[in-house]
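> Given next are the chains, with one letter for each unit.
Number of protein chains: 2
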Amino acid sequence: MKELFKPRNVVVIGASREPGKVGHAVLRNIIESGFKGEVYPVNPRADKVLGLNAYKSVLEVPGDVDLAVIVIPAQAVLDVMEECGRKGVKYAVVISAGFKEIGGEGIEREGKLIEIARKYGVRVVGPNCLGIIDLHTPLNASFASIPETKGGIAFISQSGALLSAILDWAPKAGIGFSKIVSLGNKADLNEVDFLTYLGEDPETKVILLYLESIADGRRFIEVGSTVTRKKPVILLKGGITEAGAKAALSHTGSMAGGITALKAALRKAGIIQVSSVSELFDMAIAFNSQPIPAGSRVGIVTNAGGAGVVISDLLVSRGLKLAEPSRYTVDYLRSVLPPVASVYNPVDVIGDAKADRYGVAIEALLRDPNIDSLLVILTPQVVTEPEETAKVIVELSRRYPSKPILAIFMGGGKVEKATRILIENNIPVYDMPERAVTAVLGLSNYRELRELLTKALEYVEVFDVDKEKALEIIEEVRRQGRRVLLEHEAKEIVRSYGIPVVPTKLAVSEDRAVEIARKLGYPVVVKISSPDIIHKSDIGGVITNLKSDDEVAEAFRTVISNARRYVPTASIYGATVQKMVPKGREVIIGATKDPVFGHLIMFGLGGIYIELFKDVSFRLAPLSIYEAKEMITETKAYTLLRGFRGEPPADINSIVNILLRVSKLVTDIPQIVEIDINPLFVYEIGAIAVDARIIIE
Amino acid sequence: MKELFKPRNVVVIGASREPGKVGHAVLRNIIESGFKGEVYPVNPRADKVLGLNAYKSVLEVPGDVDLAVIVIPAQAVLDVMEECGRKGVKYAVVISAGFKEIGGEGIEREGKLIEIARKYGVRVVGPNCLGIIDLHTPLNASFASIPETKGGIAFISQSGALLSAILDWAPKAGIGFSKIVSLGNKADLNEVDFLTYLGEDPETKVILLYLESIADGRRFIEVGSTVTRKKPVILLKGGITEAGAKAALSHTGSMAGGITALKAALRKAGIIQVSSVSELFDMAIAFNSQPIPAGSRVGIVTNAGGAGVVISDLLVSRGLKLAEPSRYTVDYLRSVLPPVASVYNPVDVIGDAKADRYGVAIEALLRDPNIDSLLVILTPQVVTEPEETAKVIVELSRRYPSKPILAIFMGGGKVEKATRILIENNIPVYDMPERAVTAVLGLSNYRELRELLTKALEYVEVFDVDKEKALEIIEEVRRQGRRVLLEHEAKEIVRSYGIPVVPTKLAVSEDRAVEIARKLGYPVVVKISSPDIIHKSDIGGVITNLKSDDEVAEAFRTVISNARRYVPTASIYGATVQKMVPKGREVIIGATKDPVFGHLIMFGLGGIYIELFKDVSFRLAPLSIYEAKEMITETKAYTLLRGFRGEPPADINSIVNILLRVSKLVTDIPQIVEIDINPLFVYEIGAIAVDARIIIE
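Line by line, the protein sequences give chains G and E.
Per numbering that gives the first Met the number 0, the very first residue in the first sequence carries number 0; after that it's consecutive.
Per numbering that gives the first Met the number 0, the very first residue in the second sequence carries number 0; after that it's consecutive.
To be clear, the hints were calculated from the coordinates, so they are not data collected in a lab.
This one's a predicted model, so the numbers in the text were calculated from it and none came from an experiment.
One or more hints might be untrue.
Remember, identical chains collapse to one label, so a pair may be satisfied in a single copy or spanning two.
[Unchecked claim] Here are the simulated lysine-lysine pairs, DSBU-like style, with alpha carbons at most 35 Å apart:
(1) Lys20 to Lys416
(2) Lys518 to Lys353
(3) Lys262 to Lys390
(4) Lys613 to Lys35
(5) Lys320 to Lys55
(6) Lys230 to Lys578
(7) Lys230 to Lys535
(8) Lys47 to Lys353
(9) Lys454 to Lys47
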């Protein structure tokens, strides 16, 4: 994307002479941003725009064109794109609105736009976007004002308005950007393309995303997991609640994926999710200048006991650990701080602390191997020295570059200068404890996610599966025009993937039922078989514990007649006969297909408690062994399985094995949109699927 | 407290001539705050301080003294308090440190200070505090700078340093204070005293508290519930996690109550709890100027789709409702807004909206009865008119004074003037969506809590209890030097409070066991009876389903011999014989005594799932019928009790009845520190306590 962010030249198609027009603002911004390449305004009704020679068309511009910015009414964009194509333009930023977002003819127009662009190989940003900015080039090819400072934060936003507000707000918050991209309708280039590029961009240290939709879930995960090994990616996803998704729909017509699938996807991609704009930037400024901590143990130095208490509560309630300083640090601090100071964590240097006392405490904690990151709180009191203390922090941060330091300078006028000193010297500074806690949580989460990536992505291949057999059954079901598999068909597929299944056969007559029962060995269970009856027990369609030929024959007649009586319209295939097995601990394993991210595997406690407590966990396929284990251990069911109140532990490895096989099954055969093994009985040794249900596309 | 906040005169004991000294700052602050009464510096080594005649001692000051501010070394404070007493000083603000907070001699000194003050009837703020401020008097009797603007927000803080930071930060956030109190060590006046006064203070609209400890939990609830009927009270409680409590301990030596008890107490008191300083003030500025909404349905007007999406997500995930505008509003908006605008909620007036279009949309939503409060989001785009839009909001807010309006003006320089206009005209304004969501959540929560107060505090008296009987049993247990009651004793107490109990008698011999069993009727259960054996089943101390005299006799021998074998040191009282009852749905009811707030009643699902899922709810005694019902309905057990999967519903009223009786029991007999009815079997009609355990002080 060099020609997009660092083009040799830029053509502004629709460059206007009238201030207040978007086409004027874009040209002016490019010039004022200090862009060093050539700039060519295109305007058929002007000779000069903003002092530059204007051209009637992009075709008249001399030489090859790297980047065209298009700011003309939607109706004219297709013709202009054709011209750009013929000219060999490499990138086009289409700011113009009037495409997919207005529905109807807009959708059609967007389709044609991309068709033309593809024909000529022009890559398109937008349409319906704010533009792109590269603070390092420098180039502001947007109609937004550019922030004052450049830095390492890249921001990719699917909302232009949000972006313009943030660009206006950024200077006061001390935010330094590298690149800013307004995605618009994402007709061609989308978040995955920019993630790929920014992942390799040496000017970008942290990537922020605001997205309402994710174009290609699988590629997003793939690219995400590559990029996050190198640098942090933080996502604010709009539309995570039903209300938000509805708002997003009326906004850009995006399809919002399920929230559970999103969470699972972000975990696999190593991406941090936040829920507000403040969190996005509170984390970003820490990532921009601070190293990643080695652990989650946080040290605190404060001159206000109350602030220390509040921040301790926040840290712990958000899952971080209050560090325990080493014996040496405690003794040392006791020998140098006043007697009423607190030498444990938070270290309270008390209200009359000047900069030197802060320095002593900060350095002691920075040297302590028990502390992974440091928060320094200052409240302006009578003798406090905010500026001097800021300088001490800057100095110590340089001397101990491997530990993150975050400053919390609470107050207004009295800490203003000190805050500026910290910002200018690349120390993240916050006015409230909670903001710094968010930031240190981000640093710590990133470290964990990165570690997880290594573990979670070690896949093992499951070999001994009979894919042919499974496909054969599905083919037959499809041939019969069904989407819901019968129980014995679902079980046959499950078995073909090496998952132990209670032997189950379809009987179409009483005699056959008895024959099967004899072969399986008594006792057996008889169940109605019909794709139209899902809750078989409710209509008297299941009879258990049958111990003789007569009982089986009678049971066969009963379930058939019950089904005919209660669901007269049901198409009945007969009844299945299956072996009774001893009761094990009941769990459930299943999978559903998310439209954006693919198959989501579920594990949970079975029986009535699954409905009551929703004690379930999710991961996206394909599963690694590590992920399958995590799925089990993060549920409360794990406590039961491990052996609760003196019971022997259940065979957890069997469950892991079955999870991996289900993952393999839905990955091999993506037409499966739903599968449920419920219940799976787990024993001290082994486990067995007692019932199975599969729905195909 | 008129003489504290609006005194006729103030004496500053320890008024210093040296700038930089606290005693100098306090006197200067009083003078500069514009205080209209007399000010008398006391300084034995000066004739004049800051141009005022100085006195050698408070005794020399002419006339009666309302308020003395003491800023001298701790060692001299006791003598000075004695003088204040003799002079008849009404209130003393003791800023001096060196008391309880330093431990040892400090604790003793604080004790003596209060002894002297009580002797003379001097009421004391502090010691170890920042002072007090009344912006309306005006009087700044503290060593902190005073904020510029007065308003309706009162702030009571147990941390002086946090207070000084907030006073410095307040002007930029547009915070207008009424009164500010630094509590210090709370040796005499504490949060309850100030709550009482501020509840009646016409200058105060909302009361903010930062507390690390609560001096008297029962009075706090009592006073709180009275005050919150009139105005909102918001609490930031420090020390709610173990880490925070530890930090608070090293800070002021306060005892932190349990978090569960705190939550229950705040609910009873109608007090809103927040977890950060930002939340405290984000809510406060809304309460300061806006009416309480009639419901929790929120309307949104935005010129940025993305911001609308983000705020919808935040609103819904924090429990608020996105309003559904009436058919009329939707039709009207469709007729007046541009076709691409969204006329549902959030109403997106789109990027090119000027002030007039905002006005149309805002007014439509303000008139809509389906909308309880309104959020207006503005992002600065090319043609946006921030100042004009601000004026439109101000104007409409005046015309529709019964609905709260909160503004979110995102950005920096471009919205600065507009933000000022809003602040000056009493419209709460935020720079980020999440801050406004916190505020509207506060408004909405307050409304709910106030409604709850009316319902939750309708107590019914439970009459038919035999308190004498219960006290007799406890007296006997105490006489025997025990704290743990035997099962039959605990059951007898429970029964004396009208709770159905499985008939249970203590047998001291085989013969007696058989005799009891015959009277109760077979089948019966035999259990070991020993205060030293809590988990009776684990040592083979329980034998169930005994159907004959012989079985009972043998069971008696077995449990006694098992107890002797496995717990040789246990003192054995014999064995209890109780009737076998049919199994009902198992729940648990209990109570523990919180050191700060008193008895906390618990209800939850019984059986092994209580340990696994912690499906329990809590309320403080005394319980109202409404609270008892809430306790049941907020658990997941409720789903089971209501009749899950075709089961008949259980007798919920019986549980309510038993909860009220347990509440009555622990209120009548506060020496009970722990009681457990576990399990309680609940049937279609009725419920019965199968086991009971009581521990006394």
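> Among the hints numbered above, which are violated by the structure, and what are their numbers in rising order?
2, 3, 4, 5, 6, 7 and 9
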